[in-house]
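Engineer: Each chain is listed here by its residues.
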Amino acid sequence: MEDVMIHNLVKTYNKQTVKAVNDVSLTVRKGELFGLIGPDGAGKSSIFRILTTLMLPDSGLASVCGLDIRKDYKKIRRIAGYMPGKFSLYQDLTVEENLHFFAAVFLTTVRENYDLVKDIYEQIEPFKTRRAGDLSGGMKQKLALCCALIHRPTILFLDEPTTGVDAVSRKEFWEMLKRLKEQGITIMVSTPYMDEAKLCDRIGLLQAGSIMSVDSPDQIIRNYPHRLFAVKAEGMSRLQQVLRQSMIIKSCYSFGDYHHVTLQEETLKTIDGSELTERLTNVLKQSGFIDVEVKSITPGIEDCFIDLMKQS
Amino acid sequence: MNEDVVIKTDKLTKRFGNFIATNEISFEVYAGEIFGFLGANGAGKTTAIKMLCGLLAPSSGQATIAGYDIYRQTEKIKQNIGYMSQKFSLYEDLTVMENIRFFGGIYGLKARELREKSIELVETLGLESESNKLVGSIPLGWKQKLAFSVAIIHQPKIVFLDEPTGGVDPITRRQFWDMIYRAADRGITIFVTTHYMDEAEYCNRISIMVDGSIRALDTPYKLKQQFAAQSMDEVFFELARGGKKAE
Chain A
1 MEDVMIHNLV
11 KTYNKQTVKA
21 VNDVSLTVRK
31 GELFGLIGPD
41 GAGKSSIFRI
51 LTTLMLPDSG
61 LASVCGLDIR
71 KDYKKIRRIA
81 GYMPGKFSLY
91 QDLTVEENLH
101 FFAAVFLTTV
111 RENYDLVKDI
121 YEQIEPFKTR
131 RAGDLSGGMK
141 QKLALCCALI
151 HRPTILFLDE
161 PTTGVDAVSR
171 KEFWEMLKRL
181 KEQGITIMVS
191 TPYMDEAKLC
201 DRIGLLQAGS
211 IMSVDSPDQI
221 IRNYPHRLFA
231 VKAEGMSRLQ
241 QVLRQSMIIK
251 SCYSFGDYHH
261 VTLQEETLKT
271 IDGSELTERL
281 TNVLKQSGFI
291 DVEVKSITPG
301 IEDCFIDLMK
311 QS
Chain B
1001 MNEDVVIKTD
1011 KLTKRFGNFI
1021 ATNEISFEVY
1031 AGEIFGFLGA
1041 NGAGKTTAIK
1051 MLCGLLAPSS
1061 GQATIAGYDI
1071 YRQTEKIKQN
1081 IGYMSQKFSL
1091 YEDLTVMENI
1101 RFFGGIYGLK
1111 ARELREKSIE
1121 LVETLGLESE
1131 SNKLVGSIPL
1141 GWKQKLAFSV
1151 AIIHQPKIVF
1161 LDEPTGGVDP
1171 ITRRQFWDMI
1181 YRAADRGITI
1191 FVTTHYMDEA
1201 EYCNRISIMV
1211 DGSIRALDTP
1221 YKLKQQFAAQ
1231 SMDEVFFELA
1241 RGGKKAE
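Here the protein sequences come in this chain order: A and B. Residues in the first sequence are numbered consecutively from 1, following our numbering. Residues in the second sequence are numbered consecutively from 1001, following our numbering.
Honestly, the hints are just simulated from the structure, not real lab data. Just to be clear, a hint being listed does not mean it is correct.
[What the hints assert, rightly or not] Just the calculated beta-carbon pair ranges, DEER-fashion:
id, chain 1, residue 1, chain 2, residue 2, range
1, A, E125, B, F1102, 57 to 65 Å
2, A, N8, B, D1185, 47 to 55 Å
3, B, R1115, A, R29, 52 to 60 Å
4, A, N282, B, Y1181, 21 to 29 Å
5, B, G1017, A, T109, 20 to 28 Å
The beta carbon of each residue, even a glycine, is placed where N, CA and C say it ideally should be.
Between the sequences and the hints, there should be enough to build the whole structure, so can you do that?
Structural biologist: Structure (C-alpha cells):
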C-alpha cells in the first residue's frame, strides 16, 4: 500500500515564470523511510507543502494515505505530522507549553501519546521551562520533532531537519528516525546532504524541480553507468587540472582526499579492464606526479547525483 | 607557502556571564593558507569568528588580524577582511550590479576602480545577461559564487567564509572550491567553516573546536594519522562526540 502518491505534479510561482515542481511522480510505501534528496531550489519544500495541504499544485494528482490533497485536506491534516524547514514553533512559549499546545490543537494530550516522544523529549526535558526561542539549534530541532509527533501521526513529513546541523548531531537525528520507523510511522524526509541518502529505504533524487531517479540507494548505485576510479597524488590541485585536460578522462571531481575519475568510452574499449588502474597510475607518474594511488571504487550517491545532473 | 602569519590568537576567550563560549584558543594562520575551522553546533565557532572579524570584543586574550590588534584596531581589521556566509551574503532586492557596487563601496573601493572591477567581475562569472536582474531571482549556485567574488572584490588579506556551500548542488559546490583555490593562489588567506566533511580535506590545515576549546589542529593527513582514522568524518566524530556539554 502507498502512503504517498504523486502523479505528474506541477507547481509554478511568480505567474508561472518559476517552475518549482516540474512533472514529479513518485510513491512512498507504508512504513517506509523515504528521502527526497536535492540542493536548495530543487523543489523539496514545495512538494512537502503540497502534501501537507498548505498549498495547491497547478496541476497533477497527490494523495496522502489514500486521501486526496484537494478534497480531503482536513483529514490529511489530522493524520500527518509536519516539521517545516524553518523553525515554526512559538518562540515565546516554553518547551513544555509548546508541546501541550500542539497536543491540544490535535484534540489529544501529551500523556496519551507520551510513549511515542519519550526518547526524544527526555533529552530536552531538563529545559522544559525554557522559552523555545532561547534553545540551541539542536534542541529546537528535537522539540519540533516532538510537536510533530504528539498527535501520533500516521505519516511524518520532515523538511530538511538536518540542514546546518553538525555531523555528530545529524547521526543522532537519523538514529531517532530509525526508531520512529520501527514503530510503524511512514516517514518522508528531505535533505541536501547526499551522505544521508544511504540511511533511507528509498530515495528520490531531485534537481531543478524534476525527479532524476527514484529507487533504493543500492539500486541507484548499481545503475551508475561508468567505471569509477579514485585517484590521489602529491599536489591534488595540479592533479585535477592534468586529469581534466587528459584525452582519456571523461570527468574528474574532488571527493575529500581523492579525485573521482571516469574514463572516455573509447579508452575503456581499447584497454583491458584489469589493466586500467595500472595504466592510469603510469600515465600520472610519467606526468611527474609522485605518491600516485589509483583504485577502482564503488560510487556513492553523490557520484550518481552528479552523473544524473549532467545527463539532464 | 608563504609563512607570514595573518591571524594570530593567544588564549582568546569570550565569556557570556558564567558561560565560556570560546575558551583560551591559540592558533596561527599563514598567508595564502586555506584554514578549515570546524566544530559541532554550539562549539563556539561563531563567537570566535565574530571576535576575529572585529565585531565582538573578547573577554581576555590577545589576537592580531592582518597585523591589527583585535581590541584597538577593529576598523582597520574590517578594511582588510572579507566576509561571506550562507545566511547573509547579498541583498535579494538589489540587482547583481547594484550588489557589487554597494559592497564594493562598503569595502572602500574608489569610484573608478569599482566601475572597472564590477564589469570585470560580471564578465568572469559569465553573468553579463543577468547583471540587471534582482539577486533574489538568480539560482542559489550563482548567488553563492557572486557573494564570494564580492567578498574579495577589495583584495582583502583574509576572507572569512561561514558555511559558504550549504545547500548548493554537488557540482556547484565543487566549482565553488575551485574559486577558493584560485583566491588562495592569489595570496588571499581563506578561513572557512563547513559541515561537509569532504570539504575539510580540501583545506591545508584544520582546527576542530569542542566545547569552546580547540582540540585538534593540523593538516587533514596528520589528523587522520593521529586518530588512526580513514576519513575526516571519523576524526570529527571521535572528537565532537566527546563534547556536548549541556546546551
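Engineer: Given a hinted range of 47 to 55 Å, is it respected by the beta-carbon distance of A:N8 and B:D1185?
Structural biologist: 48 Å, holds
Engineer: Could you check the hint for me, namely that A:E125 and B:F1102 are 57 to 65 Å apart, CB to CB?
Structural biologist: Since A:E125 and B:F1102 have Cβ atoms about 47 Å apart, the given range 57 to 65 Å is violated.
Engineer: Against the range 52 to 60 Å, how does the distance between the Cβ atoms of B:R1115 and A:R29 compare: consistent or not?
Structural biologist: 59 Å, holds
Engineer: When you take the CB atoms of B:G1017 and A:T109, is the distance between them in 20 to 28 Å?
Structural biologist: Taking Cβ atoms as reference, B:G1017 and A:T109 lie about 37 Å apart, which means the hint is violated.
Engineer: Could you check the hint for me, namely that A:N282 and B:Y1181 are 21 to 29 Å apart, CB to CB?
Structural biologist: The hinted range 21 to 29 Å holds for A:N282 and B:Y1181, with Cβ atoms some 27 Å apart.
Consistency note: the structure conflicts with the earlier hints numbered 1 and 5.
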